[in-house]
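*Asks:* Following the hints, complete the assembly by docking chain F onto the known chain B.
Those protein sequences? They're chains B and F, same order as listed. Position one of the first sequence corresponds to residue 30 (the numbering used here), numbered consecutively onward. Position one of the second sequence corresponds to residue 30 (the numbering used here), numbered consecutively onward.
Hints listed in this document are in silico derivations from the structure and should not be mistaken for laboratory results. Each hint should be verified, as a subset may be incorrect.
Counterexamples of contact, computed for chain F against chain B with all Cβ distances above 12 Å [said to hold, decoys possible]: (1) GLU47; (2) VAL95; (3) LEU123.
Just so you have them, the derived chain B footprint on chain F, three or more residues with Cβ under 8 Å [unchecked claim]: (4) 76 to 87; (5) 126 to 132; (6) 140 to 146; (7) 155 to 169; (8) 181 to 189.
For every residue, glycine included, the Cβ atom is placed at its ideal position computed from N, Cα and C.
2 protein chains.
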Amino acid sequence: MSAKKSEKKTKKKGKKQEKKRAKAKKASKKKQSSAPKPVKTGKGATPLEVAQTVVGLLRAGAMKEVEDKWLAPAIESVEGVGASMAWQGKKAVLKKYRDWEADHEIHAMNVEGPWVGATGFAVRYAIDMSQKSTGQRHQMEEIAVYTVKNGKIVREEFHFKTPS
Amino acid sequence: MSAKKSEKKTKKKGKKQEKKRAKAKKASKKKQSSAPKPVKTGKGATPLEVAQTVVGLLRAGAMKEVEDKWLAPAIESVEGVGASMAWQGKKAVLKKYRDWEADHEIHAMNVEGPWVGATGFAVRYAIDMSQKSTGQRHQMEEIAVYTVKNGKIVREEFHFKTPS
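Bound-form chain B, shown alone (with noise of 0.2 Å):
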């Protein structure tokens, strides 16, 4: 065989080559996109450890242990519909929750849960309260959704019950 024959034998190869890797890859591409990936939230505790130790500390009216071991230092805290504002940080949402704790008085809180999910969980709360502003009772029903990230809460989202 001369030498330009091997070399046009070699190029055909090569493209034969190629083109089984792009055909494989196509197919692998195909199969990928309708297969799930599995969910991951870093190192540190579970959503699932997360959930079960949170809600056990809400139940027993430890807000301050949740407050101190269970927030990121960048967690975001963001109000539902009527509210829609987010804020940033742990300084700001541990004043979000004291300007809140001085203009109400809760009577009752019932909470619920958790449910829990890949990224975080679910609680839901029953709360009876005062607003001492306005001398007003009511009863606030919601659910809030923690997304758990290296063992800690990096945000959370309340949803207000609204009719449908």
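*Replies:* For chain F alone, kept in the frame of chain B given last:
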């Protein structure tokens, strides 16, 4: 005043203004740090509007209309604790629905909600169902959290009730 002196004065003035600007920037940053920011979800229907429409359709058994009109093409669907997997894209998500339906029979379903947040909404499902492949009947209790962007559902995560 000599040209040199004037130049010096201008430099000094420039530095002073720079310092002033830096101080103002710092103060505004400090003020912002605890001030909340509005949460936006883009154009189209709001989370409240999507929530009310979708929950109405679910109660009417019109799941097909939810799929056709309210799921974004790039929707991500996440199954909660025990599964912890994410399906990407409407094609993969619809395939997941169809696979589930092929192996399950629903005897009764209760839809509670919505609870509406700033970025989406939560719905509570109580489902009495049987798995066809095993013949086992059981009750499932979950909270689905839907994220809305530009008037469509771009993400759903299912949270399962666990002992706490």
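*Asks:* Look at each hint and say if it fits the structure.
*Replies:* Each hint, compared with the structure:
With a minimum CB-CB distance of about 28 Å to chain B, F/GLU47 clears the 12 Å threshold, and the non-interface call stands. Listed as outside the interface, F/VAL95 is consistent with that label: its C-beta sits roughly 14 Å from the nearest C-beta of chain B, beyond the 12 Å cut-off. Against the 12 Å criterion, F/LEU123 falls within the reach of chain B, whose nearest CB is about 9 Å from its own CB. Here the segment 76 to 87 of chain F counts 6 residues with a CB under 8 Å from a CB of chain B, which clears the bar of 3, and the coverage holds.
Note: the segment 126 to 132 of chain F has 0 residues with beta-carbon separation from chain B under 8 Å; the three-residue rule is not met and the coverage is violated. Beta-carbon proximity to chain B at under 8 Å applies to 5 residues in the segment 140 to 146 of chain F; the threshold of 3 is reached and the given coverage holds. For a cut-off of 8 Å, the count of residues in the segment 155 to 169 of chain F with a CB near a CB of chain B stands at 0, and the three-residue condition is violated. Proximity of the segment 181 to 189 of chain F to chain B, defined as three or more residues with a beta carbon under 8 Å from a beta carbon of that chain, is established by the 4 residues found.
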